[in-house]
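Position chain B against the provided structure of chain A, taking the given hints into account.
Protein sequences, first through last, are from chains A and B. Position one of the first sequence corresponds to residue 1 (the numbering used here), numbered consecutively onward. Position one of the second sequence corresponds to residue 1001 (the numbering used here), numbered consecutively onward.
Think of the hints as simulated: they come from the structure by calculation, not from any bench. Ideal Cβ positions, reconstructed from N, Cα and C, are used throughout, including at glycine. Treat the hints with care, since some could be wrong.
[Stated by the list, open to error] Straight-line Cα separation of at most 30 Å, DSSO-like style, residue types lysine-lysine; simulated pairs:
| # | chain 1 | residue 1 | chain 2 | residue 2 |
| --- | --- | --- | --- | --- |
| 1 | B | K1015 | A | K23 |
| 2 | B | K1093 | A | K23 |
| 3 | B | K1021 | A | K57 |
| 4 | A | K23 | B | K1155 |
| 5 | B | K1025 | A | K57 |
| 6 | B | K1158 | A | K48 |
| 7 | A | K57 | B | K1093 |
| 8 | B | K1021 | A | K23 |
| 9 | B | K1015 | A | K79 |
| 10 | B | K1021 | A | K48 |
| 11 | A | K48 | B | K1281 |
| 12 | A | K57 | B | K1299 |
| 13 | B | K1067 | B | K1281 |
| 14 | A | K57 | B | K1034 |
| 15 | B | K1093 | B | K1281 |
| 16 | A | K17 | B | K1158 |
| 17 | B | K1158 | A | K23 |
| 18 | B | K1025 | A | K23 |
| 19 | A | K79 | B | K1025 |
| 20 | A | K17 | B | K1021 |
| 21 | A | K57 | B | K1158 |
| 22 | B | K1217 | A | K23 |
| 23 | B | K1155 | A | K17 |
| 24 | B | K1155 | A | K48 |
| 25 | B | K1307 | A | K57 |
| 26 | A | K57 | B | K1155 |
| 27 | B | K1021 | A | K79 |
[Claimed, not checked] Under 10 Å between C-beta atoms, here's a sample of chain B residues computed to sit facing chain A:
| # | residue |
| --- | --- |
| 28 | E1089 |
| 29 | I1099 |
| 30 | N1302 |
[Unchecked claim] Derived list of chain A stretches under chain B, where covered just means 3 residues or more per stretch with a C-beta under 8 Å from a C-beta of chain B:
| # | stretch |
| --- | --- |
| 31 | 5-13 |
| 32 | 31-41 |
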Amino acid sequence: MSEDNQGQVWEVFVQAKPGLAHKHVGNVQAMGREMALQNARDMYVRRKEGISIWVVKFENIVASSPEEIGAFFDPMDDKAYRQATYYKMPEGAKHI
Amino acid sequence: MENATMTGQELFDHKIENDLKIEPKDWMPDDYRKHLQRQMSQHAHSEIIGMQPEGNWILRAPSLRAKVILLAKVQDEAGHGQYLYSAAETLGKTRDEFIEELQSGKAKYSSIFNYPTLSWADMGAVGWLVDGAAIVNQVSLQRTSYGPYSRAMVKICKEESFHQRQGYEIMAHMARGTEEQKAMAQDALNRFWWPSIMMFGPHDGDSPRTGNAMMWKIKRETNDDLRQQFIDKTVGQAELIGLTIPDPDLKWNEERGSYDFGEMDWDHFWDVVKGNGPCNKQRIKHHIDAHENGSWVRKAANAYAEKNG
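For reference, chain A alone in the conformation it holds in the complex (with noise of 0.2 Å):
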């Protein structure tokens, strides 16, 4: 017998238009992709907010955790070359 409970937890992705990325706009509970699907559209897209879903369960999600910060993104702050405001362009010069 299957079990009785509130299903997994599915993140949604919603994009708003043509050309536009996929943004995350929260989860719903389903069992199942199909019902994850129909929930996310009941729950996400009631007033025209998209016009494409995706939906991932979330222990399928990899995620960087906070303690990580300092290791994790800090190597950026020694590379301002990678900044277009880094380079010093010639005075006059245009549509640079």
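Structure of chain B alone, referenced to chain A:
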């Protein structure tokens, strides 16, 4: 500035002080977590139980227009409950645990839903006053310090103004109808006014948890401040449609730029919180029955999902 040598508590204090959001995986004091679990699950339960007084009128709505609107509103409330349970779950309790706490009476929901909806005008009063009071509270909570709660509030507030406007439309419509219809509207206002302004909770001085909640920026404004905002907004709306707020002490105070109003019946309030309101037992019984009757559906859906992914 945040840095690697800060302890969890220091980082937490730093974020609260600088209005940065706390996120699920961040360190947080146990009492902060418990306070949020209680407040957010209570909020979620209120949305779910709040479907009952309105569900009562779906099959008796006076027109097809009224019926589809009410259906949409009740569906929104189910959605709001889901947003809030999802946000509450990030604190480490499962949805099944929250539901168990609701059904066993360990967790509360807003007492306003323990009053019956006796006439169609009550659908107007609930939308206008109950949702109106909820909006004032929820607008303030958009700035709460816990990220998932704040994001849920932003989404809910976007949808909630339709609820209040549809309620006020019903009241306005009935207030300019026949004498009998106007009397129904006034009667609904009479019954829902005091419970609505008590939705904001006890006076600040009698609300033991307000201190911590304000310090941690879970709440951004106190019960009394929010109540005053709601009253100041609503009085003019009642006057405009020719209804009278049932409070003989209600009077504009020029100096404060706000309305003075009469004292609420707190003995009655606590009595309803403790389970002795007109509909407490009926609301929980209905939730338990629906949950139990749905058991085979959940099992079947799980079995289907196991086969088909």
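Okay, the hints, checked on the actual structure:
For a cut-off of 30 Å, the pair hint linking K1015(B) to K23(A) stands: about 26 Å separates their Cα positions. With a C-alpha separation of about 26 Å, the suggested pairing of K1093(B) with K23(A) holds against the 30 Å cut-off. Simply put, K1021(B) and K57(A) have alpha-carbon atoms about 25 Å apart, close enough for the 30 Å limit, and the pair holds. For a cut-off of 30 Å, the pair hint linking K23(A) to K1155(B) stands: about 14 Å separates their Cα positions.
For the proposed pair K1025(B) and K57(A), the alpha carbon gap of about 19 Å is at most 30 Å, so the pair holds. Note on K1158(B) and K48(A): the hinted pairing holds, with a Cα-Cα distance of about 13 Å set against a maximum of 30 Å. Taken as a hint, the K57(A) and K1093(B) pair is honoured in the structure, with Cα atoms around 18 Å apart against an allowance of 30 Å. Straight-line distance between C-alpha atoms of K1021(B) and K23(A) comes to about 20 Å, which keeps the hinted pair within the 30 Å bound.
Of the pairs offered as hints, the one joining K1015(B) and K79(A) holds, with about 27 Å between alpha carbons and a cut-off of 30 Å not exceeded. For the proposed pair K1021(B) and K48(A), the alpha carbon gap of about 29 Å is at most 30 Å, so the pair holds. As the CA atoms of K48(A) and K1281(B) are separated by approximately 39 Å, the hinted pair breaks the 30 Å bound. Between K57(A) and K1299(B) the alpha-carbon distance is near 19 Å, which keeps this suggested pair within the 30 Å criterion.
Pair hint K1067(B) plus K1281(B) holds up; C-alpha atoms about 27 Å apart against a cutoff of 30 Å. Using a Cα cut-off of 30 Å, the hinted pair K57(A) and K1034(B) holds, with the two alpha carbons roughly 27 Å apart. Between K1093(B) and K1281(B) the alpha-carbon distance is near 25 Å, which keeps this suggested pair within the 30 Å criterion. Distance hint between K17(A) and K1158(B) is fulfilled; the C-alpha atoms sit about 19 Å from each other, no more than 30 Å.
For the given pair, K1158(B) sits about 18 Å from K23(A) by alpha-carbon distance, which is consistent with the 30 Å threshold. Restraint check for K1025(B) and K23(A): the C-alpha separation of about 21 Å stays at or below 30 Å, so the hint holds. Taking the CA atoms of K79(A) and K1025(B), the gap is near 28 Å; set against the 30 Å cutoff, the hint holds. At most 30 Å may separate the alpha-carbon atoms for a hinted pair to count; K17(A) and K1021(B) meet this at roughly 29 Å.
For the hint linking K57(A) to K1158(B), the alpha-carbon distance of about 27 Å falls within 30 Å, and the restraint holds. In summary, the hint linking K1217(B) to K23(A) is supported, as the alpha carbons are separated by about 28 Å, within the 30 Å threshold. With a C-alpha separation of about 19 Å, the suggested pairing of K1155(B) with K17(A) holds against the 30 Å cut-off. At most 30 Å may separate the alpha-carbon atoms for a hinted pair to count; K1155(B) and K48(A) meet this at roughly 14 Å.
The straight-line distance between the Cα atoms of K1307(B) and K57(A) is roughly 16 Å, inside the 30 Å bound, and the hint therefore holds. Proximity of K57(A) to K1155(B) is assessed by CA-CA distance (about 22 Å); at most 30 Å being required, the pair is judged to hold. Note on K1021(B) and K79(A): the hinted pairing holds, with a Cα-Cα distance of about 28 Å set against a maximum of 30 Å. A hinted interface residue such as E1089(B) counts as satisfied when its beta carbon comes closer than 10 Å to some beta carbon of chain A; here the least separation is about 7 Å, so the hint holds.
For I1099(B), the interface hint holds, since its Cβ comes within 10 Å of a Cβ in chain A; the closest pair sits about 8 Å apart. Taken as an interface hint, N1302(B) checks out: its beta carbon lies about 4 Å from the nearest beta carbon of chain A, inside 10 Å. Look at the stretch 5-13 of chain A against chain B: 4 of its residues bring a Cβ nearer than 8 Å to a Cβ of that chain, three or more, so the hint holds. Only when three residues or more bring their CB closer than 8 Å to a CB of chain B does the claim for the stretch 31-41 of chain A stand; here the count is 5, and the claim holds.
In this structure, the one hint that does not hold is number 11.
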